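Student: Chains as they are written, first to last, in the working numbering: chain A, 1 to 161; chain B, 1 to 195.
By construction, these hints were calculated from the structure, which means they are not laboratory data.
Incorrect hints may appear among the rest.
[What the hints assert, rightly or not] Think about it this way: if two alpha-carbon atoms lie no more than 27 Å apart in a straight line, the pair counts; the simulated DSSO-like pairs of lysine-lysine are: (1) B/K125 - A/K160; (2) A/K115 - A/K160; (3) B/K32 - B/K125; (4) B/K181 - A/K34; (5) B/K125 - B/K181; (6) A/K34 - B/K125; (7) A/K56 - A/K34; (8) A/K34 - B/K11; (9) A/K115 - A/K157; (10) A/K56 - A/K72; (11) B/K106 - A/K115; (12) A/K34 - A/K72; (13) A/K34 - A/K115; (14) A/K72 - A/K115; (15) A/K72 - B/K32; (16) A/K72 - A/K46; (17) B/K7 - A/K157; (18) A/K157 - B/K125; (19) A/K56 - B/K32; (20) B/K106 - B/K118; (21) A/K46 - A/K34; (22) A/K115 - B/K11; (23) A/K56 - B/K118; (24) A/K72 - B/K181; (25) B/K106 - A/K46; (26) A/K115 - B/K125; (27) A/K56 - B/K125; (28) A/K46 - B/K32; (29) B/K7 - A/K56; (30) A/K72 - B/K118; (31) A/K34 - B/K118; (32) A/K56 - A/K46; (33) A/K160 - B/K106; (34) A/K160 - B/K7; (35) A/K72 - B/K187; (36) A/K115 - B/K7.
[Said to hold, decoys possible] FRET-style restraints, in silico, Cβ to Cβ: (37) A/Q156 - B/R191: 24 to 30 Å; (38) A/K56 - B/G28: 26 to 32 Å; (39) B/C86 - A/D5: 29 to 35 Å; (40) A/M101 - B/I18: 14 to 20 Å.
Predicted, not measured: the structure shown is a model, and the values here were computed from it.
Every residue, glycine too, gets a C-beta built ideally from N, C-alpha and C.
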Amino acid sequence: MKPVDEDFLRMLSRYQGIIHKVNLIYFNTPEDRKDNFQEVVCQLWKSFPSLKDSGKTGSWIYAVAINVSISKIRKDSKYVFTDSIPEITHTGDVDRIERDMDFSRLLNAIRSFNKTDRSIMLLYLEEYSYSEIAEIMGISVSHVGVKIHRLTGRLQKHFKI
Amino acid sequence: MNTNDLKEMWKSRIDGNIQDYSQEELSGLVVKSARMSMKAIQPNIITRLFLGAVTVILIWRIATEGYSVEMDIMYVAVLLLVLVCCIFVERAAYIMNKYNPDVSVKEWLEYRIRQVEKSINYRTKYSFLMYGSALISGCVAYSIVQLLHNVSFNWISIVIFISLFVLILVIRYIELRQYNKTLAELKELYRQLEE
Chain A
1 MKPVDEDFLR MLSRYQGIIH KVNLIYFNTP EDRKDNFQEV VCQLWKSFPS LKDSGKTGSW
61 IYAVAINVSI SKIRKDSKYV FTDSIPEITH TGDVDRIERD MDFSRLLNAI RSFNKTDRSI
121 MLLYLEEYSY SEIAEIMGIS VSHVGVKIHR LTGRLQKHFK I
Chain B
1 MNTNDLKEMW KSRIDGNIQD YSQEELSGLV VKSARMSMKA IQPNIITRLF LGAVTVILIW
61 RIATEGYSVE MDIMYVAVLL LVLVCCIFVE RAAYIMNKYN PDVSVKEWLE YRIRQVEKSI
121 NYRTKYSFLM YGSALISGCV AYSIVQLLHN VSFNWISIVI FISLFVLILV IRYIELRQYN
181 KTLAELKELY RQLEE
């Protein structure tokens, strides 16, 4: 393998979780996630030589992954979530079961947002700062604040029901 | 449940819900990406294949079949026209492949909207001219070949050309409808990002 391939593979190995998380919020079947993963990797490969600031690799990957995912505009935009969440194994640990169910509800709630809001919520939950989210999304920091306030309000309401 | 609880819930469960690929699987994806990046987005793939096939057939006919000088001149003229079309199609593909999605989401949406709008405007303005010219050129070339071969006029040829024209109109309508649908969806995404 060429040196640039090895560098790219090393980077991909370290940050592949980002692509998986973006796939989880946008695609509801394993096949779609696999296809999108390949497409994201292809686009990352094409623009890897232009990655200058290695300190912003995570943000760069998020931007590419989100852009590729939202470009895949599909007819079936009404997702059926229940089929796509991994099955919960009931181990008898009541707390764990409750936490798994809460996570499923959180994921379903995020997927009910529009395509761009999903990314903003994902980045927020992944502890990205407002300025980092603004840079990735291309909107102002104050606009990010307004959106996050609105989206977290919706999530909290969802859990009160 | 406050926002810190939501973050905690996310952080504690997300890794259990995703499955990382192994080094071998990632390596396979990288190799495939290197191959795919040679082709990347292929706009007008059918047009390119068609132009390629026509070029090959014309070159073969010029090189092998013992036609008259007039026929050879006509084939060379058609070949030049096809080669000019190939250049324009490849240039369009090159421009489309240049832009990478390693920009902010808003910038990416703006770029995609601009590209789709450009394509729609171009097709609306020039498609009749392009397809009409292609059809007329085809009719003229076919008629000249018939004349040079002393073949008498027949109505079947006219029916075929009219059918081709209708087919082109139908394809154009479907293509424009798809472009407009894509544009509407992109603009809706942009609106959602802005609100």
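Student: Check whether the Cα positions of A/K56 and A/K72 lie no farther apart than 27 Å.
Tutor: Holds, at about 25 Å.
Student: Going straight from one Cα to the other, do A/K157 and B/K125 come out at no more than 27 Å?
Tutor: violated, 51 Å
Student: Verify the proposed pairing of A/K160 with B/K7, using a straight-line Cα cut of 27 Å.
Tutor: holds, 16 Å
Student: Would the hint linking A/K115 and B/K7 be met if the CA-CA limit is 27 Å?
Tutor: holds, 20 Å
Student: For A/Q156 and B/R191, compare the CB-CB distance with the range 24 to 30 Å and indicate the outcome.
Tutor: holds, 25 Å
Student: Per the hint of 26 to 32 Å, is the separation of the Cβ atoms of A/K56 and B/G28 within bounds?
Tutor: holds, 27 Å
Student: For A/M101 and B/I18, compare the CB-CB distance with the range 14 to 20 Å and indicate the outcome.
Tutor: Holds: the Cβ-Cβ distance is about 18 Å, inside 14 to 20 Å.
Student: For the pair supplied as a hint, A/K56 and A/K46, is the alpha-carbon distance within the 27 Å limit?
Tutor: holds, 17 Å
Student: Within 27 Å, alpha carbon to alpha carbon, are A/K72 and B/K32?
Tutor: Judged against 27 Å, a Cα distance of about 20 Å means the pair holds.
Student: Within 27 Å, alpha carbon to alpha carbon, are A/K115 and A/K160?
Tutor: Distance of about 24 Å is within 27 Å: holds.
Student: Next pair to validate is A/K72 with B/K187; report whether the Cα-Cα distance is within 27 Å.
Tutor: Within the cut-off at roughly 14 Å; holds.
Student: Measure nothing beyond the straight line between the CA atoms of A/K56 and B/K32; if it is 27 Å or shorter, mark the hint as holding.
Tutor: holds, 25 Å
The structure fails hints 1, 3, 6, 18, 23, 26, 27, 31 and 33 (numbered hints given earlier, in ascending order).
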